Each structure stands twice: as C-alpha cells, then as structure tokens.
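Top line first, the protein sequences correspond to chains V and A. Each residue of the first sequence is one higher than the last, beginning at 1 in the working numbering. Each residue of the second sequence is one higher than the last, beginning at 1 in the working numbering.
In case anyone wonders, no lab produced these hints; they're calculated from the structure. Predicted, not measured: the structure shown is a model, and the values here were computed from it. The reader is advised that the hints may include incorrect statements.
Unchecked claim - A partial selection of chain A residues facing chain V, derived with a Cβ cut-off under 8 Å: (1) Gly-33; (2) Tyr-35; (3) Ile-198.
Claimed, not checked - Not everything, but these chain A residues come out facing chain V in the computed CB check (under 10 Å): (4) Lys-37; (5) Gly-195; (6) Gln-202; (7) Thr-217; (8) Ile-219; (9) Ala-279.
As the list claims (entries may be wrong) - Beta-carbon label-pair distances, calculated as ranges: (10) Pro-134/V x Ser-65/A: 45 to 55 Å; (11) Gly-135/V x Asp-229/A: 35 to 45 Å; (12) Glu-52/A x Asp-277/V: 33 to 43 Å; (13) Asp-129/V x Asp-289/A: 20 to 30 Å; (14) Trp-171/V x Ser-79/A: 40 to 50 Å.
The beta carbon of each residue, even a glycine, is placed where N, CA and C say it ideally should be.
Residues per chain are reported as follows:
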Amino acid sequence: MDFGTIIEILDSAVRLGTPLLLACLAGLFSERAGIFDIGLEGKMLMAAFFSGAVAAVTGNAWLGLLAGVGGSMSLAFVHGLASITFRGNQLISGVAVNFLASGFTVLIAQSWFHQGGRTPQLSGNGRFDPITLPGADAVQDVPFLGPIYSNLISGHSILVYVAFAMVPITWWVLFRTRFGLRLRAVGENPESVDTAGISVIRMRYTAVAITGVLAGLGGVYLATGLAAGFVKEMTAGRGYIALAALIFAKWRPVPALGATMLFGLLEAISNRYPNIDLGVITLPIQFMQAVPYILTVIILAGFIGKAIPPRAGGQPYVKER
Amino acid sequence: MTYFTKFLGAATALALSAGAALADPAIIYDLGGKYDKSFNEAAFNGAKRWAEETGGSYKELEMQSEAQREQALRKLAESGANPIVMTGFAFGDTLNTVAPDYPDTKFAIVDMVVDQPNVESIVFKEEQGSYLVGMMAAMASKTGTVGFVGGMDIPLIRKFACGYVQGVKAVNPDAKVIQNMTGTTPAAWNDPVKGGEIAKAQISQGADVIYAAAGGTGIGVLQAAADGDVLSIGVDSNQNYLHPGKVLTSMLKRVDNAVYDAFSAGPDLKPGIRVMGLAQNGVGVAMDDNNKSLVTPEMEKAVEQAKADIASGKIEVHDYMSDDSCPVE
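Chain V on its own, in the form it takes in the complex (with noise of 0.2 Å):
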C-alpha cells in the first residue's frame, strides 16, 4: 500500500463519514437536551429527497438545500410535537418519523416525477461540485504535504468543510455559552431549569429545531453532493450508524467527530479491500461492516470507560404533577 492509495482511502473516508458526522451532530442536539431521536435517518432521507427534488426542478444546489432543510426541519417539528408538547414516547416517535419519511419520499416523487421514486439526475449547478481551495494545485508537488493539502483537504464539496466547522462550533456553543450550559441543565435535570425561570419546552423546541437543520445538511450532502439525486432509501442506515457513533463518543462534539470518521474509514477501507488477508486469517467482509456496532457494543458494556446518557433524557417534562 503506497503512499497515494493511503490518501485516496482517507480522502473515501472522509466523504463517507461526513453525512455520519453531521447526523450525529444533529442527535448530539437533541439528546443533550433530553430528547431521543432514533428519527435521524428519516430526516435525513427527507431532506434527501426535497434537495433533490427542488434541485432537479430549479438547477440550483442552494435553493434545494433550503428545501431540504426545511423537509428535516418539519419532521423535527413533528418529533418536538410528539415528544415535547404532547408527552409521547420519544422512541416510538421517532420510529414513526422513519417509516412516514420512507414512504412519504417515494410516494411525493413518483407522483412529482414519474421515475418509479427517484428524482431526475442532478448536473451542473444542481449539484455541490467539489471545491479546490486556494494553493492546492501549486503545492501538489511539494512531497508529503503537498498531496495530503490537495488531495484530502482541498477537493470536497462544500458541506463538508460545513461539517468539520461545525465540530469546534458546537463544542463552544455547548461548553462556552449560556445557552449551552441551560441545554445541557434540561437534559439532565430540567426541574432546575424551570425554577431558574426558563422555559424547559423552548429549550428543547429549540434543540430539536438545530437537530433538523444539521441533520438536514446530512441528507443534503447525501443527495447533492455525494450521489447525483434522491433514490430510495438511500440513506441506507446511515442514521442508525450515526447514532451508534453519538453513544460511541459518549454524546461530545470532538469524540463525536473521531467516531464518525473512524466508521467512515471503516467503510471505504472495505470497499477497497472486500477482503483483508491477514496472514493467519482472512477478515471478510462482513466483518468490517458489523465493526461500528460491535464497537458501539463494547462500549455500552463498559469496557472502554462507560457511556453515560444525559439523565433525563426520553422523560417528557411535567411541570406539575
């Protein structure tokens, strides 16, 4: 394995692993402020769809991440409705945002376009192309550095680069500011929230709101960056990887930002070598493909350290009983 097969893997990585890491972000939202949503992959595969959609109609990649945030965003709306205001289970919820997501998307593009629940392929502006940064093609020969800057950092879609901003984003706005201290506080203990005098239902509306949007630009990058339009099911368990990931990094940005790229790396790493012969044995590949939820296992058993969901977290909050 040469030097340039290394980058091309990391560089399949960290394609792979960004629509993991900005879902898991989204879960990391919620679930800090005490709502579980295992609704992930079906936002995701709304906001697929309405990007791909409004982009096949409008040529525009921006008009159609509008609309596909905005299809995340309603599901969410439809999740804090269930869960917040009216005290439902948040699982079930969230099972329900699946399976309306599922059928919702493919019955909306057969009737929108007639190809059998698939949008039209995307080109041109309809797609995030991949963006050279400034310098890549100039330093390409310098040795070592040089094609890591070009190749693996310099090349990927906008929404990547969105993503990787919005780990230290996420991880100052939760540990450094006054409204991550109080989302943080209504996850593990919203009764003290409501008696400093803030509203508890807000909180988590607005958490559940900031969910929808990154788990929106997930299914976004899915759809316009990563393929060329909405197939199917196309997110193809990505949300259940991702919230694998959340509780593999024990609900942190940065641990969070390891986690999905190591799935991610995972997964290109199989689809270069289906099989890795070991010497001894050989690893098939069904193999690397359970690793993310045997790793999720072993640290949920509490092997490596322990895995500690916010307190609150899947109880509605009563106010008065």
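Using the hints, position chain A against chain V.
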C-alpha cells in the same frame, strides 16, 4: 336463521364465481420497486405491453417489506388472479409454502426454481449476457483493468460477475477484474452513495470500464463513472440513456418478455422450468444511439460471433449457480 345462512351461502357462491370469472393475471414486484429503472421496471414493461396489446387488465402489488410476501401472495391468489407472476429470488421459500394451498392457480417466479406442480420457474442465462458485455469491456479498456460492482452478495449476482469475468478473459487473458459487492442486506440494492464510492475506489485502481449489477446502487456507480470520465455498463433494462456517450452498453435481461409470455399464456401457463438464454432472446446487449460512438465495428463483430457460438454451444459459459464456484477470477 336458516334464511340468513342461505343468504350467506348464496353470497359466498356469488363471490366465488365472480372471482373465478375475473381471472386477471397479477404481478408482484420485489423490494426494488416497480420503477427501479432496472429489473422490476422491465417486468412492469412486459405487463404493460400485454395490457396494451390485448386490452386486458391485470393486478399488481409492490412489496414494501419482507414481512408482506406471504400475505401479498395469498391475497392475490384468493382474489382469483391467475396466473400470478412474481419477480425475484426472494419469493422462493414463500411460494413453496403458498403454492400447494392454491392448486388451481398458476404461479410464475422469475430468477428462482420452485418445484411445485403449479409453478413455472423462469431462469435467465445472465452469465451469457454478462459474457458479452465482458468482451466489450475488455475491448474498450485501455488500462487492461475493468471493474464489477454487485448489489447484495447472493449467488445470482455472483453469476453475473462470473460470466463477466469469463468474457473479459476471453478477449484479454491478462486483464484484471476488480470485483466488489455492495453489501449483504437488501439495503445494498438502494445505496447509490456507497456504489459511487466503490466505483471511485475502482477507478483509482485503474479500472476504466465498470459493470454495475446492483439495482438502484448501480445509478450511483454509473454517475461516478461518468464523473470520473470512464465507461460504465448498465444492467437489466437499457440504461444507456442515463449518461449518453458514457455508458458503453447495458446487459439486457428480458424480464419483460418473460412476464409478457406468462400473461399471454394465462391460466394455461405450463409449469416447469423455463430457461431464457441468448437463443431464446432472454438476455442480450443494448445497442442504440446513445452508445453508437463507443461501440467499434470490431466489438460488434466479436459480440455477434460470440452470440452465434454460445447459441450453437461452441462456447460454453460457466454458470456460477451450477456449482457455486467460478473457474476464473
């Protein structure tokens, strides 16, 4: 009470006779969905052609989840539909249990052999069609490396891969074929993002023609190939139009012909195994205006020659499913 019983009996008899009199054919599409631009859509086209030509009507059902299979099958059988055609190997086990319960209904299953007295099993010689596109891929390749992206890792898809590799090696014994399967669950049929990444990985390893046999995932493969300026090969339906001038050809699997024939036979459908190969016009390669500039006269000549040789038995293309192994890699 007796009146009521009689009334019920009469109503039941009426309903039964009405069901028998209808006897419309029916088709069930598998999880890929009716408009997958590929396998199921070909089946739909066959049903549509039958309806247009005969003026008849037919029933159809689209699967939404694994759990629905038996229910869907029983529902159609009880509604009096005859024959009932289903697309996809995944119906095999279900049909095996359901078919004996409806001895007067004829079933046809595509891509699977079900040994029941009222079932017609339609199997395609995909290895023959894949052999032809493999030859074309090897002739179009400049690097001597070509790629294959399969959907879910099942024997049927390995059959595609095996025929393809044999075709490639027939033209260029030194050619390298990079093979990838997208996954091991049904989600592997609908993951264009992963398909695109696999295609990119193959391109970076030197592949300049990539054959996708992966349903909706293949759309991502074709897209990544067009973006990376290499050629791709579509599957099942004619996919040449998706990226004109970038798709070398498509391996056609004439599921439409199979469905059309089954519908035309109606309740007189002949049970047993029906093999659709090159000789029966069951598989083939797509040539149209979109890939005219890519197909050289030599390719066309070689394909025609190979077609004749396969039909006459001079070339024997190995079928992966006959012994679960492939002689070449």
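Indices of hints not satisfied (ascending): Hints 9, 11, 12 and 14 contradicted; others consistent.
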